[in-house]
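Here the protein sequences line up with chains A and B, keeping their order.
Residues in the first sequence are numbered consecutively from 1, following UniProt numbering.
Residues in the second sequence are numbered consecutively from 1, following UniProt numbering.
Simulated from the structure, these hints should not be mistaken for lab results.
Accuracy of the hints is not assured; some may be wrong.
[Unchecked claim] Some chain B residues well away from chain A (every beta-carbon gap over 12 Å; in silico): (1) G6; (2) R167; (3) R202; (4) T209; (5) R226; (6) T232; (7) P235; (8) G241; (9) P246; (10) A260; (11) A269.
[Said to hold, decoys possible] Rough simulated footprint, nothing fancy, chain B against chain A, three-plus residues with beta-carbon under 8 Å: (12) 68–75; (13) 91–99.
Ideal placement from N, C-alpha and C gives every residue a C-beta, glycine not left out.
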Amino acid sequence: MSRRTRRPATFGQALSAEWIKFFSVRSAFWGLLATLVVTVGLSALLALAYIVSLNQLPPARRAAFDPGAYGLAGLNFGVITLGVLGVLTMSGEYSTGQIRSTLAAVPKRARLLAAKALVLAAVSLVTGLVVAFVSFFASQAVFATKDLDVTLGQPGLLRAVIGGGLYLTLVALFALGVATVVRHPAGAVTAVLGILFVLPIFGAFLPGEWGATVRKFLPSSAGAAIMNAGPASGSLAPWTGLGVFAAYTAIILVAAFWLFRRRDA
Amino acid sequence: MIQATGLTKVYGAKAAVDRIEFEVRPGVVTGFLGPNGAGKSTTMRMILGLDRPTAGRVTVGGRRYRDLPAPLREVGALLDAKAVHGGRTAYHHLRGLAAANGIARRRVEEVLDLVGLTEVADQRAGGFSLGMAQRLGIAAALLGDPGVLLFDEPVNGLDPEGIRWIRRLMRSLAAEGRTVFVSSHLMAEMALTAEQLLVIGRGRILADTTMTGFIAANASTHVKVRSPDLITLAPLLTARGWRTAPADRGSLLVYGVSPAQIGDLAHAARLRLHELAVIQPSLEDAFMRLTADSVEYHARSRDVA
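Just chain A, same shape as in the assembly (with noise of 0.2 Å):
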């Protein structure tokens, strides 16, 4: 029991603590990994889709072809891993008890949860940014095929991509907020993929012109318009929809800040 002088600690601490333990369990590896598989994997097998049925499609199919949209497909199933990813990030540490040892060291409840998310925005930007870039060039490769393909340097085509990382960054964001207010992990990953993949379900069967303006507004939706090259029926514009999105995870994680602050661990 020494009494030299004890520093306070910091929130670079925690940072660097919650660092450490993210990449120590197998879940960010294979979390990752699966990401990159899932949305690399599917953007390609979708342009391969597109192109082979490509004569058999009516001629206003063809004229909505988006190469932005199209060719960024896949990532919308990177919602599922990435948005997993978060859940655990939190969950796991209720599911285990490892929030008990978590909050020993850290029981400032807001600079915890604020190192949490910084370490997952920052792992999921780069994850995103990458299976972004990585989806693009593989399903324009297949789009060469046919003389579809378009470079990054065409309108709108850069800026859907780099969204689509931001995207993705702003899914496991809701996903930890989520997971920080429902904290068992089967419930906040129903709950997650209930709102980005069972609402639009719904939304479809909405009727009339209200239905296809609550539809734009449904949170996978909105996100999803910024992958958007040119402009399209029934999506908001690309930084309005992201905008959106981005306002429905401040929601949740204001109230996550909230709960973790007053709830017993």
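Since the structure of chain A is provided, determine the placement of chain B on it from the hints.
Chain B alone, transformed into the frame defined by chain A:
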């Protein structure tokens, strides 16, 4: 030094901890004794800031846990052995905790060595036995070389060698001038390790005293009498105003007397005695008497008979 004032935790309509006051001082092992469900763990969780008190406060060195500048350097806690992500290795578990409080990597290796887990430092904690997990929890508690240590039921799951080890560890930590606060529902265990005693039952502090003082005050010496003439002897004993209680077949417990008094009485009445023994009070007896009314869930005697 740990200080609680008016500390209360209410779950629903039930007070798990009910306006308790206590001080845990440095330099001795203080035992926190109570039956299961008495409020020991809830109190420990409030000390660590895991649970928010409904009322009152508890401080370590004058500050609430969450206001400590570098908590692991001031308080080390073993609350339960399974407060670990099973997918992480022992080494990485400790590295993460150390990093959060600016504790050097070298210290992680030191505590692993201290608890004897160096060999398995690179194995995932999920595969650890309860005894190994308990050692990992103790390593985490010692990580910041803290002046205050909390152990919640530390001997659970340890083998006899491990139990002796942790008793020695707790006593030596106290001898170094640290505050050591250890909970248990095992009375015999407390008698072996603690000098100070805090007894809790149904969320209230029932006793705050030294171990020897507690036993002396709460358990009275009594004498066991075995006699084939008990039918004649018993009324004579009660006629003298001595309290008796039946023991096993053919014997009685007599309170507040010396063996000589009973021997003389029997001799005067020409009754045979086969056994006359002084029963020393144990911590267990003292504890049972004190908590008899405060045990949360009584086994009903007719159900277990």
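Consistency of the hints with the structure:
1. G6: holds, 19 Å
2. R167: holds, 20 Å
3. R202: holds, 20 Å
4. T209: Since the minimum Cβ distance to chain A is about 26 Å, B/T209 lies beyond 12 Å and the statement holds.
5. R226: For B/R226, whose nearest Cβ neighbour in chain A is about 52 Å away, the distance exceeds 12 Å, so it holds.
6. T232: holds, 62 Å
7. P235: holds, 59 Å
8. G241: Label holds. Min Cβ-Cβ 54 Å, cutoff 12 Å.
9. P246: holds, 47 Å
10. A260: holds, 52 Å
11. A269: Per Cβ check, B/A269 is outside 12 Å of chain A; nearest 64 Å; holds.
12. 68–75: violated (count 0)
13. 91–99: Satisfied; 6 residues make the cut.
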